[in-house]
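Each chain, written out:
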Amino acid sequence: MHTMSTADETGSGIRLFQRQVAGVGAPVRAFSMRGDLFRGFFRAIIPSALIAVSPVFRSPISALLIAALCCIGLSAATSARAADKVLHVLAWPGYADPDVVKAFEARYNAKVEVTLVDSDEALWSQMHGKDAGQFDVLAANTAEIHRYTQANLLAPLDLASLPNTRRQLPRFRALGSIEGLTSAGKVYAIPFTYSSMGLIYDRKQVPVAPHSMLELWNPRYRGKVLDFNSAQHNFSFTALALGYPDPFQLDRKQMRTVARKLVELRRNLLTYYTLPEEATAYFIEHKAALMFGNYGTQQVELLRRAGADVGYVIPDEGALAWLDCWSMTRAASDRPLALAWINYMLEPDVSALLTRRQGLANTLSEPAETSPNAHIVWIGPVENIQQREALWTRIESGDRSERF
Amino acid sequence: MLRRGLTFKLSVLLACIGVLASGATGYYAYHANRTMLVNEAERSLLTSTELLGQRIAFSIDDTASDALVLATMPSSANVAETDDGVGANAPRERLAQVYSSFMLHHPEYLQVRLIARRHHGLELIRFDRDSDGLVRVDGEDLQEKGQFPYVFETLAFAPGRIYTSPIVVNHEYGTHAAQGKPTLRIGTPVADANGTVVGVVVIDIDLAIMLRRLQSDLPSDYQVYLANEWGDFLVHPDPSKTFGFDRGRRVLMQDSFPVTKPLFAQTQGEVLANGLMRPRQAAGQVLAFVRRRFGDSEGNRFIVLGLAKPLEDVLAGANQLGTRIIRMVLVFSALSVLLAILSARAVTKPLHLLAQAATHLFAEHAMNPLPLKRTDEIGVLARCFDHLRREIRAQMDALHSKQSELAHLATHDVLTGLPNRMLFMQKLESALEAAKQQGAGLAVLFVDLDRFKPINDQFGHSVGDKVLAAVAGRLKGVLCADDVVARLGGDEFIVLIEGQRAADVTTEIAARIMDALNETLVIDGHGMTVGASIGISEFPHDSGNAEELLLNADAAMYAAKSGGRCAYLRYRDLLDEQAGTAAKNGPAPARTDENAAEDPAEAQ
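So the sequence lines, in the order shown, correspond to chains Y and S.
4 is the number of the first residue of the first sequence in our numbering; add one for each residue after it.
198 is the number of the first residue of the second sequence in our numbering; add one for each residue after it.
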C-alpha cells in the first residue's frame, strides 16, 4: 500500500507548520473535482445545440423535443469528455499551487490532478507504484531525468509545441549542453527551476558563516542540525565534504566510509525533514542552528518569512545543485494537454510566481543575487541508486555504524 | 339532466378532494416519518460517534498507563542509565520479561520499547511483532532512535507526562509487522531517582486493530471515518483515501464532507448531515462527525471522528411504511370516491325533488316527497317552494272557477239556470249528429207561455221572474235527466228529447208539460196559471237541420197558439192540416184541454 520509502515520521509537523505560516508555503493539497468548470461548459454548449437543431424541424415542439434529446446526449458526451480530459501532474511543493492549477484548468478546460513528491525516491516510486502509468507530466532534476530516460519512461518533446521555451535564458535553451536532457538527439525535458543545496545557518547561533559542510558534524551543534531525508544527496554532499573527486560515483570503500559518516551525522541531528515547510517548522520550534538546504533558496525564503534570521552559504568544497525540469511521460494519454502544461509552466507569470513565492530561480530571468565564485556541482546520475537507498533506509532508521 | 350533471360534478369534486386529502395526509405521514427516522438515526449516530471517540480516548489512556507502569519501574531507569544493549545484563532481561508480557496481552501493540537517552537514543529493550508472534530485537539489531520526534520530544517531557504522536504510517526500517502500518505512538519519559529523564518508554499501537476492536459492536452497515487535525483521512471505507499525505496526494475530510468545515475551523464540536435534507452534503448517507481532543500535549491537537450509515438502511422502515401508506391511501381514496358519490346524491336529491316539483307544478304526487321538514337551507327552499306552489295553485283555482262561472253565464240563462239558446243549439247540433249516425230520431218541443205577459204586467217584473223560474222548475220536474230544457228568451222555452223516447213519449211529454204549466202557481201570495202552447218538430221527419227543426217547432207552436190556448201541435200534423181540411184543427186543442184539465192534479 505504501510504496514510498521516504521517512515520513515528521509528516504531521509539516502540516502544523503550514497552518502557522498560512499562505506562505505551498499548501500541499489534492484538488477536488471542478464541477463549476464542467457546468460552465455544459451551459455554453446547450444554446448552440438548440440553435443548430431547431431549423431542421418545422414543428417547434418536435424541434424542442429533439433539441432536448440532443442536449441529454450532448451532456452525456460532454461529461465523458470533461472527465477524460484530466492531466495527472507529479510535482514538487510549490511548483503547482492551486491558483496556478486553476488558471490552467480554466484556460484548457481540463481537470488537473496534482500529486506532490518530497524526494527523488518518492518520485521514482510514484512512477513505479500501482498508479504507475497514470501520470502525464512530471518535474524532476536532471539526474533523475537521465534515469527516467534510460528507463524509457519519458516521451520526447516537440519544441515547436513549447513556444515559451524561446523566452528562456540562452543557457537553458542550450539543452544539449545540459547533461541528461537529451538522448539520441531528442529532447526529453525542459528546465524549469534550479537551486544550489547549500548550508542554512542561524545567524545568532552561528555568528560566522560556515565554510564547510563538515560543520554539520560539529558536536557543538549536536541536536541542532537538520538534514534532508533522501539517499542520493546525502551520499553526494558527504562525499563532496570528504573531498572525493566524483561524489556521484563512489566505490565500495568510499560508500562504506560515507555511510558511516552519515551515521555520525545522524547522531548530531535533531531530525530529518522532507518538505521545506516541515524543515522551517523544526528549525524555528527547536531552535536549530544548521541545516542542509535541500530546497536551497526556497527554504531560505520560507524561513525568512517565518521570521528566522538565517544565512545561506555555498561551502568551500562546493554545493550540489539541482536543475528541475518538466517532462512528459510515455504513458501520457493527452499529449497536447501535457505539452500545454509544460509550456504553461514557462509563462512569465507562472515562472515569476515561482520566484516570488518560493524564492526559487526561474529559467526566464537571471536571479537578483548571484555569487559567481560559488562552487556549484550540478547533480548527475549516481553509480547505484538502489544501494544508496538501501543503505539510507538503515541509516535513517537508526542502525549503528558497526553495522556498515 | 340536472341531476346527473350536478351529481356527477359534485361527485368528482368531492372525490377529488377526498383523494387529495388522503394522498396529502399519506404523503405528510410518510415524509414526517422519514424525517423522524433520519433525525433519530442522526442522534444515535452522534451518540455512537461520541462513544467511539470516548473509547479511543480510553484506549489511549490505557496504553498511556501501560507506558507509565513500564516507565516507573525502578529497573527501567536503572537499565536506561547503565545498559548499552550489548552483552548479558540480568536486570535488562528481567525487565524484558515484563515488556513481553505487555506485548502478549495487547495484540494491538506493534512495538514496546525502552529507549535510552544515552547512545543517541539506543533501544535497550525492544519487542516487535510479526506473523508468528513476538520478536525480541536485541544486540546488534537495536537501533538508535534519537532522531525521531517520539524520542526527542518525549525526552524533553517531565516524568509522568504522556507523548501522543500524530497518527502516521510507519516507514522505519526493520520494524517487522509494524512496517507500513498506520501507527500511533504513546511515549513517556523514564526518570531516575533524581527525576532526571534518562530514557523513554514507547508503545506503538496498530491503529487498525485498535479501531477494529473499538468498533466491533457497531452495526455492520456503519462506516467509520477518522481524520487528523488537518483533515487528512486516517480511516476511510476506501483505504486509498487514507494517509494521502504519505503518498503526495492529500484527501481531506473537509473536501469530501464540506459539512465538517466548522469542525476544522473549531467553531463547532460536532456536525450532523443527512442525505435526506442535504443531499449535496451527504449523498445517500446519514453522517455524524465529532471533534475530539487528541493527546495531552500543549497546542490544540484533535481528531475528527465520523460515522456514516446508509440512508437506505435508515429509511428501510419508512419504505415499508410507505407501501402501507400507499395501500391505505388507495383504500381511503376508494372510500372517499364512494362517499363522494353518496354525499353528492344526498345533496342533489332534494334539489332533484324540487326540480321535479317545479316541472310538475300541480301534480300532487310530485309534492309529497318534498323535504319540508328539513331544518337546513334545503328545507327553507322546499317550504318556500311549497308556499309558492300553494299560492299559485289557489290563484289558479280561483281563476278556473271564475272561468267556468263565465262559461256557465255564457251558456245559461241567469234567471232560470237553464241552458240558453246558444248552448241548446250546440246540444241540438251534436244530438243531430248522433242521431244521424245511429239512425235514431229526436224531437224538439217549443214551449211558449200563454199568459206570461199579463202576469208580468199585473204583478211586476219580479213576480214575472219568479214565474219564469218556477216554470223552469216544473219543466225539469216533468222531464228525464237525459232530456234537455233551455230558455230561448222571454217566455219561450225549448225541450230536446233524444233517442227512442223521441218517437215513443214525445206527445206524452208535451201533455205532461201542458199539465204542469196549467197548474196554478202561487207567487208572493198570488195564485196564477201561466199555461203554454207547444210546437213539436221531429227528426228525421220534419227536418235534418237544427235551425229548421227550431223554426218548424216554432211554427207548430205558433199554429197551436193561434188554434186556441193551451195546446200542443206536431209540425207534421200542421202540414197535414194545411194540406187537408181546417176541421181537423179541432181534435188537437181538445186533446190539449184534456191534458190541461189533468195538470193541476199532477202538479200538486
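Because the hints were derived from the structure by calculation, they are not lab data.
Since this is a predicted model, take the numbers as computed values, not measurements.
One should not assume that every hint holds.
As the list claims (entries may be wrong) - In silico DSS-like links for lysine-lysine, alpha-carbon gap of 25 Å or less:
id : chain 1 : residue 1 : chain 2 : residue 2
1  : S       : Lys758    : S       : Lys663
2  : Y       : Lys189    : Y       : Lys207
3  : S       : Lys663    : Y       : Lys133
4  : Y       : Lys88     : Y       : Lys133
5  : S       : Lys206    : S       : Lys663
6  : Y       : Lys114    : S       : Lys570
7  : S       : Lys546    : S       : Lys624
8  : S       : Lys650    : S       : Lys633
9  : S       : Lys650    : Y       : Lys105
10 : S       : Lys650    : S       : Lys624
11 : Y       : Lys114    : Y       : Lys88
12 : Y       : Lys88     : S       : Lys458
13 : Y       : Lys227    : Y       : Lys207
14 : S       : Lys633    : S       : Lys663
15 : Y       : Lys227    : Y       : Lys133
16 : S       : Lys624    : S       : Lys599
17 : S       : Lys663    : S       : Lys673
18 : Y       : Lys290    : Y       : Lys207
19 : Y       : Lys133    : S       : Lys378
20 : Y       : Lys105    : S       : Lys438
21 : S       : Lys458    : Y       : Lys114
Legend entry - Numbers of the earlier hints that this structure fails to satisfy, in rising order: Hints 2, 3, 5, 6, 7, 8, 9, 10, 12, 14 and 15 not satisfied by this model.
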